[in-house]
Amino acid sequence: MTHDWMDQDAGPVVRPYAMTQGRVAPVGCDFDLVAFVVATVPDLAPGVQLQPEHHAIVAAAWEPISVVELASQLDLSIGVVRVFLGDLRSAGLISLYEPPAASQPHDVDVLKAVVNGLRAL
Amino acid sequence: MDSVRSDRTSGSRIPVALKILIAGGFGVGKTTMVGSVSEIRPLQTEEILTGAEGADDVSGVEGKTTTTVTMDFGRITITEDLQLYLFGTPGQDRFWFLWDELSQGALGAVVLTDTRRLADCFPSIDYFEQRGTPFVVAVNTFDTEHRFGPEAVARALDLDPGVPVVLFDARDQVAARNVLIELVEYVARRQYAAAGSR
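First to last, the sequence lines map onto chains Z and R. Residue 113 is where the first sequence starts when you use our numbering, and the numbers rise one by one after that. Residue 26 is where the second sequence starts when you use our numbering, and the numbers rise one by one after that.
Calculated from the structure, these hints are not laboratory results.
Interface residues of chain Z toward chain R, partial, derived using beta-carbon atoms under 10 Å:
| no. | residue |
| --- | --- |
| 1 | 145 |
| 2 | 146 |
| 3 | 180 |
| 4 | 183 |
| 5 | 220 |
| 6 | 226 |
Computed list of chain Z residues with no C-beta within reach of chain R, every gap over 10 Å:
| no. | residue |
| --- | --- |
| 7 | 140 |
| 8 | 165 |
| 9 | 172 |
| 10 | 203 |
With beta-carbon atoms standing in for the labels, derived distance ranges:
| no. | chain 1 | residue 1 | chain 2 | residue 2 | range |
| --- | --- | --- | --- | --- | --- |
| 11 | R | 105 | Z | 212 | 14 to 20 Å |
| 12 | R | 177 | Z | 231 | 25 to 31 Å |
| 13 | R | 120 | Z | 219 | 26 to 32 Å |
Where is the CB? At the ideal position from N, CA and C, for every residue including glycine.
Working from the sequences, and respecting the hints, build out all of it.
As C-alpha cells, then:
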C-alpha cells in the first residue's frame, strides 16, 4: 500500500513508535548500537506478515551492517530499528553479532590499525 | 535458495566498529569536526523518558513519554573489517541517558572546547572522568588567537596528568584527524600502563 502524498519532502508524517504499533522495546534482549546484523534470507517470503520497514532492514542487512548504520541509512530512529530487529530475530530472519564485552581492553593490534588507517586518510 | 541460506553467515566476515564520542558545549564545533574527518549523517534516536516529571499521574501510561534527539553520526572506514564511528553528542544535561549507552565500550572521547568558554566543557570532563572513559581535550582555535597554550588549558581544567590537550582547527581535516590519532595513541598508552601494573 502506498500513499502518493507521502514523500521524502513531506518529512515524517507518522510518529516513530506508531510504526511499531506502540511497541517501544524489542522482543528478547536489546541490541547494542554497534552490534552487526546479517540477513539469513535474501528476501522475505510474500506470505510473512511484516511491514515495509522489516523488508528494508532485511535488504540492507544482506551484507553485515551495524544497528546504528541501519538507523542512519533507513532514516529510522534507533529505538524503532531495535523493535523491528527484535521481530526479525524472533522470526529467525537475521543473525546478530554482539561486539566484544565493554569490559575487555581494546586489542593493541586493532589500535595500531586504527592509527595507521587514520594516518592514511 | 536453501544453499544460500546455509552458506550465509559462514561466508561473510563480521566487521568491528569502534565508537568515539565527540563532546563539548553548544556551538563549539562538534558537527564541524565530525564533518571534516568523516562521512557525516544525522542519526535519530527516539528515547523513552523515565522518571516522574512533576506531579502528573502517569499510571497506565508509564514509559510513554518519548523525546527525539538528533545526533551527528560519522563513519570512517579503516579497513573492510574495521570501522570507526564518531558520535557528536548533544551537550545538554537532559541527554545524559544517551551518553551512557554511547560510552559503553567506547574507545574514548574528544572533549571540544574553546578558550572563551572553557567552563562549557566541565560537565563532559566530569562525566568521562567518572566513567573512566579515556579522553583528550581539543581546543578549537578557529576564531580565537592562540592566547593560551595547552599547559594553561590543562591547568585551568584541572586535568589529570597525562591527559592530552591539543590546539586545532575543527574545519581542518588533517588537524581533526590528528586529534583522533592523539586519542587512540593515548588509549594505547593507558592500556599499556595498566597491563604493566598488573
